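2 protein chains.
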Amino acid sequence: MKEFELIKRFFAEPGVTRKDVEMGIGDDAAIIDVPDNSHLIVTTDTLVQGVHFFADMSPRALGHKAVAVNLSDIAAMGGDPTWISLSVTLPTADEQWVKEFSAGIFEICEYYNVQVVGGDTTQGPLTVTVSAKGLVPKGKALMRGGAQPGDWIYVTGTLGDAGVAIDAIKNDKQLPLLHEKFIIDRFEFPTPRVAIAQSLREVANSAIDISDGLISDLGHVLEASNCGAIVNVDQLPLSEALTESLDEHLHYDFALTSGDDYELLFTVPEDKRGALDVTMAHYGVQLTCIGQIQGQTGKLELRKDNEPFEFEGRGFQHFSKDS
Amino acid sequence: MKEFELIKRFFAEPGVTRKDVEMGIGDDAAIIDVPDNSHLIVTTDTLVQGVHFFADMSPRALGHKAVAVNLSDIAAMGGDPTWISLSVTLPTADEQWVKEFSAGIFEICEYYNVQVVGGDTTQGPLTVTVSAKGLVPKGKALMRGGAQPGDWIYVTGTLGDAGVAIDAIKNDKQLPLLHEKFIIDRFEFPTPRVAIAQSLREVANSAIDISDGLISDLGHVLEASNCGAIVNVDQLPLSEALTESLDEHLHYDFALTSGDDYELLFTVPEDKRGALDVTMAHYGVQLTCIGQIQGQTGKLELRKDNEPFEFEGRGFQHFSKDS
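Chains as they are written, first to last, in my numbering: chain A, -11 to 311; chain S, -11 to 311.
Hints are computed from structural coordinates only; laboratory data are not their basis. These figures come from a predicted structure and were not determined experimentally. All the given hints hold, so there is nothing to weed out.
The calculated label-pair distances, taken between Cβ atoms and stated as ranges, are:
id	chain 1	residue 1	chain 2	residue 2	range
1	S	Pro79	A	Pro23	40 to 46 Å
2	S	Lys87	A	Lys126	36 to 42 Å
3	S	Asp235	A	Arg6	49 to 55 Å
4	A	Pro164	S	Gly38	43 to 49 Å
5	A	Glu211	S	Asp44	37 to 43 Å
6	S	Lys7	A	Ala91	38 to 44 Å
7	S	Asn159	A	Pro125	54 to 60 Å
8	S	Gly38	A	Arg6	32 to 38 Å
9	S	Glu232	A	Arg6	49 to 55 Å
10	A	Glu211	S	Glu228	52 to 58 Å
Glycine is no exception: its CB is placed at the ideal position from the N, C-alpha and C atoms.
Starting from the given sequences, assemble the full structure and let the hints guide the process.
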């Protein structure tokens, strides 16, 4: 276990040092000063090899992704991420692996000013658990259950790209050379929508991040909010990389059901749409209105060219469903 | 993965419901109200099958222990545990297993008024990660680095019992029938010293929990505090179960080097010893003064009958060192 002691020391390097951390790594636990006007946000996600990532994923991507999926949850609450704890279980203490893995961790933490305040390294099958914390002004958190009939449904970025990557890797498909890096990066280096969370909490009624797929995650919002929705599939934001990588009949399928994009889905009432446009203009994040919340509880209506859109949803296989 | 959805719903039962939890399980993240006068304490520990627990450990014990080791870290900071997040990776979705495991989780959480605010269940090799949070009045946290020369060194409970259990299980040794349950429970159902943490923060200069063994954990205190120490081995608190289960020449060995007892080690200045005795009297927790902090940095002197005690420390094999 001597090697694991070395790894522990490796992670003890804090990277970002925040003023609100009274004691970081190095004691039984971390001590943190939470501002009086804020609520604490807490989330945890585990990535298991073979379930959430392929065995040949680079350690740097794994480090990035383990943090990104947690920061995405914080952003989906309208919060600002602040601290993470990290638990890594490793089969062997491979110094090069650990170096690249922690580079992935520290890069994203530095970008978002997040401090690693605790960690645990153990020997065993490769598993990474990150517990992320964040802050949101009291009463401003965005819940899944806040959507109101009439709210407009927005998503950030483009949908389905990570699904194309999973499909290509699993089924050994060749992606168009021009788009390969973009598509794989969308799966391995997702961008948590942290930057816009601060503005979003002023205008949105509800929010969720798209980790399981649009239909599934919008379903969580509808269930928690006791609402229904209309989604116009011809308004779904598709990347050129997706449209040029998939047969046309699969475009909507992937955009509607593939997960792992970690884009945000949120709902905005009519009277806040102006404010949304103004505050979002300078972020450079693509925003698309894809539909509207309706009163009919639980009913999700898909439309294309204002006609009902029949959808079978069999094109995309979820990574975790059959691995 | 349908079964895993069921498990998620199983854990969604909150058990304890605390008023400071604005949103528990059921959204992207939990929202928590941290009192203005408190610092937040954060810790994470992972238990891996074959590394931290034996494959035949009962799921109830595993649930208990995964929470207990984290609450012990909170107590070692002088804090009160409040919320946990739970990540469980399971090979199969065995409903009976999950039922017993979560009974273990919820029993200890109920006892200490701790709410499960988040969780993640995934398929893979058996691993449990708990991230526990707690509160401590601002400025009152007990650090490893606070020991002062002259401080008296105390430990709670008895030392080495969990080590006897590990030794017996690993080497298939028969324990005395009278003591078997006590010894095994000390390993599988450790008691985090949460109850005394509140009083301890008023009298102690430093604290740590004994997870790696007395010598190792006292070493962390001495290193962080730039101090040395004298420990009188004939004052080490030994249970009757330990002394009747081990050959005499192994008693001190186990008490000094075996881990997993999750007792607290703390240091108290001379002028606070009276207050310690008064406030601790009604807790019913055994407290033993085993030595004193000295000025010589890093030097740990073991004594028996006031003579130097020679110690080779080869009797106890750590669970994790050769598994």
